[in-house]
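Participant: Spelled out, the chains give:
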Amino acid sequence: MTSLRQKHRRETLRTLAFLSPWLIGVSVFFLYPLVSTVYFSFMKYDGFRPPTWNGLQNWQYVFTSYPFFWPALRNTLWLVIVMVALRVLFGLGIGLLITKVKTGAGFFRTAFYLPYLAPPVAATMAFAFLLNPGTGPVNSILRSIGLPQPGWFNDPSWSKPALTMLALWGIGDLMVIFMASLLDVPKEQYEAASLDGAGAWQRFRFVTLPNISPIVLFAVVTGVIQTMQYYTQPLVAGKVASGVIGGAGQQFEPGYPDKSTLTLPQLVYHLGFQRFDTGGASVIALVLFALAMVFTAFLLRSMSERSAA
Amino acid sequence: MRSFTRAVIGTAAVALLATACTGTSNAPQADDDATKDVTITFWHGWSAPSEVAAIDANVKAFEAKHPNIHVKVVGNINDDKIKQALRAGGASAPDVVSSFTTDNVGSFCSSSVFSDLKPFLDKSGIDLDKTFPKPLQDYTQYEGKRCTLPLLNDAYGLYYNKTAFRAAGISAPPKTLSEFDAVAKKLTKVKGDSYSQLGFMPNFHGYESTATHFAALWNPAYFTPDGKSNLAKDPAFAAMLTWQKRLVEQLGGFAKLEKYRATFGDEFGAKNPFHTGQVAMTMDGEWRLGMARDAGVKFEIGVAPFPVPDEQADSYGKGYLSGTVIGIAGTSQKQNAAWELVKFMTTDTDAVVSFANAIHNVPSTLEAIKSPKLAADENFKVFLDIAQHPKSNTTPASPNGGAYQLTLQDFGYAHEAGKVTDLAAGLAKTDAQIDKDLAQTK
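Protein chains in written order, with UniProt numbering: chain R, 1 to 309; chain Z, 1 to 442.
Chain Z extracted, bound-state conformation (with noise of 0.2 Å):
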């Protein structure tokens, strides 16, 4: 019995050691030679085929460029992936990798999983602020430390059934809030106790009705200099939460709407509610203009952007921003290489203005924005000129990734169901949560 406790102890011992030492070295930043010959690896999250064909044939212009860089191109791959990829390291790891979301920047450039740019834009000599718009700056670094850059541009505004609109006798989108209201409700046709058309689903689950997206309307501040959370001392979340809330239930109330909510199809399939008629308008990024053509809808569609809150009227055209962002991993042994993709990728006007083209995004560099090669119908243009008006914004990054966005949405679910009383103390409490959260990962 002794002899198996000391067998036990020497175990846990060797155990304890062999753990100490997991993950203590620092990956060396690597010194290769980008003009010699060598194969990178580049993970990307397309999967449908056309998205697929497009980033192949990005990939296919750049090795034209650099006949000695060979790229192996993986894609389908989500953020879970990247991250554990990105820690296991080894051969199979990716040099080059773009991200859909730019939630996990925070995460991504604090725990350094992604390479300080800084140097390679250093020595390519390009100046951000004359390629990039400020928020595509702003959501691909934290705390100034820039990991990764702008991969195309995603901006929300409003998508409209125009028959629906003309059946109405409605003549133009709306522009503010309460035109909007008054607008959703006149779409709005109740059927037994359901509805055979919804003006607007302003639930939180609906899809891309999400609580920051909205609350971009207001230009918020998500923290305050010093860092902390800031929800229930800029006023601009008390009043997204109550406008929402009231829109729920002049709209049918939350029970009603969340059973209507649960006959909607996927929001990436052909039966999106959108395309179906379920909803009259949805909130949502460019790249439902080809969903919904693909999806053969059969009635016409308006864009425009999405209304603001009345007492800003004139910031009317600014949306809610995002995008797919890309960056080296810090493990890469090819980083010049792989820097010469990035380059590549983000800042050559062609391949950037071919690439919106391929898969319908809005291009991230100022340049290729204003590119005659861009092709734009006058829909398309309302998301260009979104994503470059001075007051669009969008959610800034977070060293625990987005959690702090699920923390407020999570409040927000439980204000739309009428489980708060005290809108100010819950969204202080709320304060209180993202900062511990923050507390825990910092």
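Here chain R stands alone, though its shape is the one from the complex (with noise of 0.2 Å):
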């Protein structure tokens, strides 16, 4: 019995040796920054004089007095909802038409992979000069064939669409995914499909799509996560259009023009590292993580209840 028990110890001492890289990981990188940041959405904390007991101020701050976190919340879901949902549909049309392009497919592969590694400030700046309304190429052409030529980055209306152009534009990551999953969808499930008289639309349908929905959901989920850390880009691209970039004393609200750039994660820096507001950071920072596993959460039922179906 005692050398049952001592067996048993050894085995699960075993166990947490070889966990202990992930158990040291997920506490250092995740648990103690959550459970701080918990800590901290309760305290007056700037950083520098000791944190006080401050209850819900800076929860009631954020939601009733920040006047950037509204705004901030709408954009982030309106890139959630657009933007992902765009880029998985684009991810997966290049996909499927690199796949089916006979000849010079390994140029289109380069062609859509390469705009992928451009570091996302130098992107986002080469949108801003392309998109500019008075003197960038995509207006001059716009009015040259005597179209409208909308503001992009310097309008309101026009920025989310134009940063979502931008996160289109680098879809690569996206498109080799799509890419090696199409490929991977058994050649007989369409020969069969086509037996039974499937036109193009009903293979899509009925073949491919079932075979890569986990591929999507995979696309799908991460880039939620991913645009919910959305920050370089509208950061870089408001700070761009609106000409404060040069001077080390220039004071610069985010969220240019008309705070329509805003996103949850530049009102984290704003807050905590700029006005030295670490309570009401904590509290921004909160509101993410719920919302990531709120979309999370969902998408994942939704998938396992489709499968179950």
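If you are wondering where the hints come from, they were derived from the structure by calculation, not from laboratory data.
Take every hint as true, because none was put in to throw you off.
For each label pair, taking beta carbons as the anchor points, the in silico distance ranges come out as:
hint: 1; chain 1: R; residue 1: P50; chain 2: Z; residue 2: A414; range: 37 to 43 Å
hint: 2; chain 1: R; residue 1: A85; chain 2: Z; residue 2: A414; range: 30 to 36 Å
hint: 3; chain 1: Z; residue 1: A414; chain 2: R; residue 2: V121; range: 28 to 34 Å
With the C-beta cut set under 10 Å, the calculated list includes, among others, these residues of chain Z facing chain R:
hint: 4; residue: E258
hint: 5; residue: G401
hint: 6; residue: L406
hint: 7; residue: D410
Keep in mind the model is a prediction, meaning the values are calculated, not measured.
Just so it is clear, CB atoms sit at the ideal spot from N, CA and C, and this is done for glycine as well.
Please dock the two separately framed chains into a single complex, following the hints provided.
Facilitator: This is the structure we're talking about:
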């Protein structure tokens, strides 16, 4: 009996030893930050003086008084819904197109993948240059063919579509994943479907889609999480378009134009590291965390329900 | 499962304890001996080669006077980096820090991230009133706590294209806002649905055409004596916004001006719209003279104080003041040595003058402004006069940095775009917002 217990203890220790890298990682990089964030969300803390308890004041301030919060939440949700959906559709479309191309597939693969390798700051600056309403080549072309010229990053109603275009341009990662999954669909299933008289759409609907649905789910879930963390591109686009990029002493209010490019991660930085308000920043970080959890849980559940049905 | 729960609770408890310890220790005031051999680190924001060379020369002059103090200089530092470094502390954190914006002085002083300089000033027998102009003393302290000193000054005035003035038959720069509006219209040349030349870019995103820079022309009071936002009660703000919006409409309207603004080059690049002739007049600081020269502008540049409201015509000559500030990091363990550098850079007349000459800024001390060694041509003298004008003013320090200025600016964007129907109510709402932000910080 004793030896059995010892053996069991040894097994447990061995398991814990093997698990220790993960346990340490999850404690240091997930649990500790999470608990700290919850703790600071109830504290007044500027990073210099000792934190002091202030109850729900940070929560109240963020939800009722911080003028950037609701626009940033609306923008983040807009981007999560529109940008993720379009990215998945576009990535899948390009993947389908490239797998069907008989000649020059390698060229197209490279051409669509290359933009993904561009660093986000450089890519955004290039887009801001291309889409400059007054001097950019895109509007020059639109003007020359008599089409209306949007204000792009300078117009609140066009800034998010412009960011979406930028995201679609760098679709290379999704395209590669979809391409691999499309090539993995068994050919026999297509042949059987064709013999049954299925057309192109029916083959896609009843053969391709069920086979790649786990990849679609993966693309949606990772897309949602990525978009929740969307920081660099809207910040750079706003800065470049507003012209506030030069002076070390210049103040820049994130979200140019008219708060249309504000996202929640920008507010975490703005409140926490520019206004010294760690408490408020923690509240926003927790809102982001909760939103990501809700979206992911909803997507996973709806997917598992569908596959169970 | 139970043991997993226990593990989670245990980790959380450890994390909470660890977190509770964060930031609880206040750095002790250093009692280092400034006569012994020591190396201090100095962070600044300048990055252009000529500016970096100028600051290095200044530091070399300091080291020659204080052979025992060696200075490690780190450039191209903005306020965000300063805040992060001073929060983190540690061996690599700076001892002496300069910042380009006065907006953060309130947060630097109230959070004690910069040391109180009063003991050092007393020790060295420096009389602030005899050393620095009043507005510069104001923007380097917060609620009586002096944690920074002025290191060169910026004065804002009117730049105008003399060649364009002559072409339009205008002989002298305007002195009142009604004259200014008329001149701006006269200098505006429409081309299709845009402009070949705009008299002035009044939109609030037009670089230095900010709400606070314009408001300075009315000498406003941003806060009541008890620290509440005062935008609705001080008629200066409504007057400024009304004037600005009227000018926006007179020059073609918000949308048309915004579209034109999108064609402008970077403010601090060679393609600044004033350099390229896209705008014939601009509000800017004294640094524009050197930048315009470097950009090789083809026209003759004129400089004057910015026009004032008609009812305050007798205050012509004033302007908005700002500048670089310098202080000692609260975490520094070499504060006495750090003070020697701060004292030298801010109060040594030769040091201030040579630095001002090198980077084309207005000197920050009363003696330096009058120094015969100051390289001041006719245009630069205009800024020296603005800096010394009794009605020149600045924006007050606030514990949450320049948040109140951004909130006012934000309201300005809505107003100029025609989204505000009731100006007085809008200003009162902006006051309430500023008060809420301040309450969250205090």
